[in-house]
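Visitor: Sequence:
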Amino acid sequence: MDKFVMPVVLGVFLGTYARLHLLRVDFRQYPSYPQGYTVHLFLGFVAASMGAVAIPALVAKHYEAVTFLALALQQFREVRRVERETLEKLEETELVPRGTAYVEGIAKVFEARNYLAVLTALVASGLAFFLPFGALARGAIAAAGGLVTIFLLEKSMEGGVVSSLARINPAPLEFRGPQLFVEDTFVMNVGLRESREIILKHGLGAIIEPVDPNARATLSNIGQRQAIVHDLATILGVRKDLDEPEFTPIARLNHENGHIGVVIVPMARDEEALKMAIQRVPVIESAKRRPLEAIAGKEAYKRAR
Numbered sequence: 001m002d003k004f005v006m007p008v009v010l011g012v013f014l015g016t017y018a019r020l021h022l023l024r025v026d027f028r029q030y031p032s033y034p035q036g037y038t039v040h041l042f043l044g045f046v047a048a049s050m051g052a053v054a055i056p057a058l059v060a061k062h063y064e065a066v067t068f069l070a071l072a073l074q075q076f077r078e079v080r081r082v083e084r085e086t087l088e089k090l091e092e093t094e095l096v097p098r099g100t101a102y103v104e105g106i107a108k109v110f111e112a113r114n115y116l117a118v119l120t121a122l123v124a125s126g127l128a129f130f131l132p133f134g135a136l137a138r139g140a141i142a143a144a145g146g147l148v149t150i151f152l153l154e155k156s157m158e159g160g161v162v163s164s165l166a167r168i169n170p171a172p173l174e175f176r177g178p179q180l181f182v183e184d185t186f187v188m189n190v191g192l193r194e195s196r197e198i199i200l201k202h203g204l205g206a207i208i209e210p211v212d213p214n215a216r217a218t219l220s221n222i223g224q225r226q227a228i229v230h231d232l233a234t235i236l237g238v239r240k241d242l243d244e245p246e247f248t249p250i251a252r253l254n255h256e257n258g259h260i261g262v263v264i265v266p267m268a269r270d271e272e273a274l275k276m277a278i279q280r281v282p283v284i285e286s287a288k289r290r291p292l293e294a295i296a297g298k299e300a301y302k303r304a305r
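Here the numbering used here is used: the first residue of the sequence shown is 1, the next is one more, and so on.
Please keep in mind that the hints were generated in silico from the structure rather than gathered at the bench.
Warning: the hint list may mix true and false statements.
Claimed, not checked - With a Cα cut of at most 20 Å, we get these calculated SDA-like pairs of lysine to any residue:
no. : residue 1 : residue 2
1   : Lys288    : Gly159
2   : Lys155    : Tyr115
3   : Lys240    : Val96
As the list claims (entries may be wrong) - For each label pair, taking beta carbons as the anchor points, the in silico distance ranges come out as:
no. : residue 1 : residue 2 : range
4   : Leu192    : Val82     : 38 to 44 Å
5   : Lys61     : Val5      : 14 to 20 Å
6   : Asp241    : Val5      : 31 to 37 Å
7   : Leu131    : Lys302    : 53 to 59 Å
8   : Gly134    : Leu20     : 26 to 32 Å
9   : Arg176    : Lys298    : 36 to 42 Å
No residue lacks a Cβ here, since even glycine has one placed at the ideal position from N, Cα and C.
All chains, full assembly: derive it from the sequences and hints.
Guide: Following this line, the structure appears as structure tokens:
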């Protein structure tokens with residue numbers, strides 16, 4: 001019995017730490033603190049416990065433990081559903097919604113991080129149990145292995161940001177009659193003269209220039225564009241209320257060149273902050289496209305050049 005204690009305890013500790021390490025409250029304030037932390041840390045502890053006891057249970061020939069592990073992992077799928085439903089309800093309170101693609105991406109991340117806790121605990125527990133060294137050496141190597149696992153898994157989950165797909169340049173806003181343009185990209189019609197004056201005085205514009213057809217296809221996705229304007233509104237603030245649609249941040253596609261024109265009327269008018277915020281918007285997993293991977297896509301790109 002004693003030979004199982006150290007692997008299990010070490011696996012639970014490192015698996016829970018892995019979940020804690022990946023649990024951060026950023027400018028989006030989700031998950032909330034401390035309520036959201038409590039829920040996700042407890043789920044991380046459960047996931048780590050499942051991973052830590054798996055190998056000792058199999059060695060002890062308690063094969064029914066595999067069934068319980070499978071059932072527990074199945075329940076983690078409910079985490080995605082709960083997170084999705086919570087965020088969808090919160091959409092009604094947002095002046096600039098996240099969009100369904102962003103919501104689904106966040107929900108997937110929360111589900112996946114529980115699996116990472118399981119895997120970290122499994123690696124640490126397995127090393128601590130099977131290595132042919134003394135208890136102290138096994139514990140040290142297992143701890144190092146668990147930390148390396150956390151590092152590798154964290155790197156593997158990095159989905160990229162907009163700056164990896166495009167060049168972002170601040171651009172002037174202008175009205176041609178009632179039509180608002182950011183450089184040569186049409187954005188929208190603004191009928192009220194007072195609204196046009198506010199947009200010109202306080203508004204900011206930027207052009208997102210994709211680096212290749214893959215990036216162009218990804219950035220033109222409606223879900224990706226909605227994620228961009230939501231993050232901008234969250235970081236820079238937005239001068240609008242419920243009944244002021246003309247001040248809603250918007251990202252429009254230029255059909256001629258594939259560029260994305262972004263317009264926002266922020267509370268903090270700072271072009272450098274605007275550029276930095278767009279650069280750091282995450283690339284939505286469901287928005288990723290790779291037309292150049294297809295033969296037809298490659299041929300079309302060659303002929304277009």
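Visitor: Work down the list of hints and note, for each, if the structure agrees.
Guide: Results of checking the hints against the structure:
Taking the CA atoms of Lys288 and Gly159, the gap is about 10 Å. The hint holds against a cut of 20 Å. Simply put, Lys155 and Tyr115 have alpha-carbon atoms about 15 Å apart, close enough for the 20 Å limit, and the pair holds. Of the pairs offered as hints, the one joining Lys240 and Val96 holds, with about 10 Å between alpha carbons and a cut-off of 20 Å not exceeded. Between Leu192 and Val82 the CB atoms are about 43 Å apart, so this pair conforms to the stated range of 38 to 44 Å.
Between Lys61 and Val5 the beta carbons are some 18 Å apart, a value that agrees with the proposed interval 14 to 20 Å. For the pair Asp241 and Val5, the supplied restraint of 31 to 37 Å is violated, since their beta-carbon distance comes to about 60 Å. Against the hinted window of 53 to 59 Å, the Cβ-Cβ separation of Leu131 and Lys302 comes to about 54 Å, which satisfies the hint. In this structure the supplied range 26 to 32 Å holds for Gly134 paired with Leu20, their Cβ-Cβ distance being about 29 Å.
The supplied range of 36 to 42 Å is met by Arg176 and Lys298, whose beta-carbon atoms lie about 38 Å from each other.
Checked against the numbered hints above, the structure violates only hint 6.
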